[in-house]
Every structure is written in structure tokens, then in C-alpha cells.
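Protein sequence lines correspond, in order, to chains A and B.
Throughout the first sequence, residue numbering follows this note's numbering, covering 1304 to 1419 in sequence.
Throughout the second sequence, residue numbering follows this note's numbering, covering 4 to 113 in sequence.
Please keep in mind that the hints were generated in silico from the structure rather than gathered at the bench.
Since this is a predicted model, take the numbers as computed values, not measurements.
Hints are supplied without guarantee of correctness; some may be wrong.
Derived list of chain B stretches under chain A, where covered just means 3 residues or more per stretch with a C-beta under 8 Å from a C-beta of chain A [what the hints assert, rightly or not]:
1. 46-53
2. 101-113
Partial chain B-side listing against chain A, Cβ under 10 Å, derived [as the list claims (entries may be wrong)]:
3. Q9
4. P11
5. Q12
6. Q36
7. Y38
8. Q40
9. L64
10. L91
11. C92
12. A93
13. V95
The C-beta atom is built at its ideal place from N, Cα and C for all residues, glycine as well.
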Amino acid sequence: DAGITQSPRHKVTETGTPVTLRCHQTENHRYMYWYRQDPGHGLRLIHYSYGVKDTDKGEVSDGYSVSRSKTEDFLLTLESATSSQTSVYFCAISDLQGIGSNQPQHFGDGTRLSIL
Amino acid sequence: TQLLEQSPQFLSIQEGENLTVYCNSSSVFSSLQWYRQEPGEGPVLLVTVVTGGEVKKLKRLTFQFGDARKDSSLHITAAQPGDTGLYLCAGVGYGQNFVFGPGTRLSVLP
Chain A
1304 DAGITQSPRH
1314 KVTETGTPVT
1324 LRCHQTENHR
1334 YMYWYRQDPG
1344 HGLRLIHYSY
1354 GVKDTDKGEV
1364 SDGYSVSRSK
1374 TEDFLLTLES
1384 ATSSQTSVYF
1394 CAISDLQGIG
1404 SNQPQHFGDG
1414 TRLSIL
Chain B
4 TQLLEQSPQF
14 LSIQEGENLT
24 VYCNSSSVFS
34 SLQWYRQEPG
44 EGPVLLVTVV
54 TGGEVKKLKR
64 LTFQFGDARK
74 DSSLHITAAQ
84 PGDTGLYLCA
94 GVGYGQNFVF
104 GPGTRLSVLP
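Taking the hints into account, I'd like the entire structure generated from these sequences.
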């Protein structure tokens, strides 16, 4: 299994509070991704990174920001959490060119975030 | 925006039965991947199909990529309880990100 650790695994917080989720990899893969998974929608890309300090928006980026200061860490921040951001969040990594290529993505085990 | 549809949404069968699940789109993809996800875990890649019309077999699982590269199917022969899970297809667009379908939730009863 690819070495991907997401933290925390579960979090409950209140509307309006800031939340940061962490993804840590030990594979030295260049590409890292944040997805959210909701019933009926599958996995939707929030943001991705193609290198240290290099990030770009995905399909559902509004209300989220990311940072990647080291190859191994990719942080997802909800500046002011809303109830619509209640979801399961997955981090993924891929080697070589993940975007538009056949390279598989390796996923972490997810963070279940509830915003009350 | 490229979209992927999967059918059926839910499927419950008895051990030993055969089944087919489908992944369809109006868009063309450079390749298509199938993942299986178990509760509390992230998706795990099963296969990647690249060529239109391609068929790949993984033990009791047979994957096919449509000739037009817009659709794919997954056939499971003699399903076992260990096959239970959420099956996701993901299309890889030309120069674009992965697009995931909503998944088919399979339950194989002993």
C-alpha cells in the first residue's frame, strides 16, 4: 500500500470555524490531490498540486485553499466552514504525470468532516 | 464538463451469481480506470483500460473499454462476498483531470 496518511480521520466542528486537513505521503510522488466524496456525486476534485508551492483549482474549489510547502505534505484549509462542506475528504497521490495520463492514483483512507 | 454515469446505482446478489456494471459518458476519454472502495477506506485501483475495444481480465473480473472510448463495463463471474464494495470508474480526459462516476454499490450475500 502507498504510504499516505490523512489526519485527522474524523472531525466535528461548527459553522464559521477554520479547519485544516493534512495529507502526508512517504512515496515522494510529485502529484497530490484533494477530493470530496458525497453520495450520488462520486469523487470531485477540489485542488491539486504538481510540485512544491505549485497548486491549481479543481472542479469544486470555492471555499477551500491548499498549501504545499514540502513534497510530502499537502494541506487543505476551509477558511470558514459551512454545513455544505460536510463530507468525506480524500487525499490522493500519483507518480509521473497524473493529470491526463494513465497513472493510477493512490488514495488515503479519508477524513470524515461534519460541520454543525 | 465531462460526466460519467454508472449503473446500476445499487446491486444486491447471491454468492455465485454473475453481474455486469456499466460506466457511460457522452465524452471521449484517453483511458478509463476502475477502482473498488470498501467502507472506511480509500478507493483502490483495479485496472486501467487504454485502447478502444480493449478487454482485460483480472481473475473473475472482466473489464471492457468501448470502441468509441466513451463507455466501459465490468463483469464479475461467480461473485463472492469479498467482492462487496463500491465500484468507481474514472475517466482520464485528454490533458484534463480524472473524472469519477458516482459508483455502483455491490453487495454479495453468502
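Going down the list of hints, with the structure as the test:
1. Coverage of a stretch by a chain is defined here by at least three residues with a beta carbon nearer than 8 Å to that chain's beta carbons; for the stretch 46-53 of chain B and chain A the count is 5, and the condition holds.
2. Given as covered by chain A, the stretch 101-113 of chain B passes the check, having 5 residues with a CB less than 8 Å from a CB of that chain where 3 are the minimum.
3. With a cut of 10 Å, the hint placing B:Q9 at the interface with chain A holds, because the nearest CB-to-CB distance is about 8 Å.
4. Interface restraint check: B:P11 against chain A, minimum CB-CB distance 13 Å, threshold 10 Å, status violated.
5. Against a cut-off of 10 Å between C-beta atoms, the interface hint on B:Q12 holds, since the closest Cβ of chain A lies about 8 Å away.
6. Taking 10 Å as the C-beta contact cut-off toward chain A, the hint placing B:Q36 at the interface holds, the least distance being around 7 Å.
7. Interface restraint check for B:Y38: the shortest CB-CB distance to chain A comes to about 8 Å, inside 10 Å, so the restraint holds.
8. Given hint, B:Q40 at the interface with chain A, holds; its Cβ is 8 Å from that chain's nearest Cβ, closer than 10 Å.
9. With its C-beta approaching chain A no nearer than about 16 Å, B:L64 sits outside the 10 Å limit, and its interface hint is violated.
10. Hint on B:L91 holds. Least Cβ distance to chain A is approximately 6 Å, under the 10 Å limit.
11. For B:C92, the shortest C-beta to C-beta distance to chain A is roughly 9 Å, which falls under 10 Å, so the interface hint holds.
12. Checking B:A93 against chain A by beta carbon gives a least distance of about 8 Å; that is within 10 Å, so the hint holds.
13. A least Cβ separation of about 6 Å between B:V95 and chain A falls short of the 10 Å threshold, and the interface hint therefore holds.
When each numbered hint is compared with the structure, violations occur for hints 4, 9.
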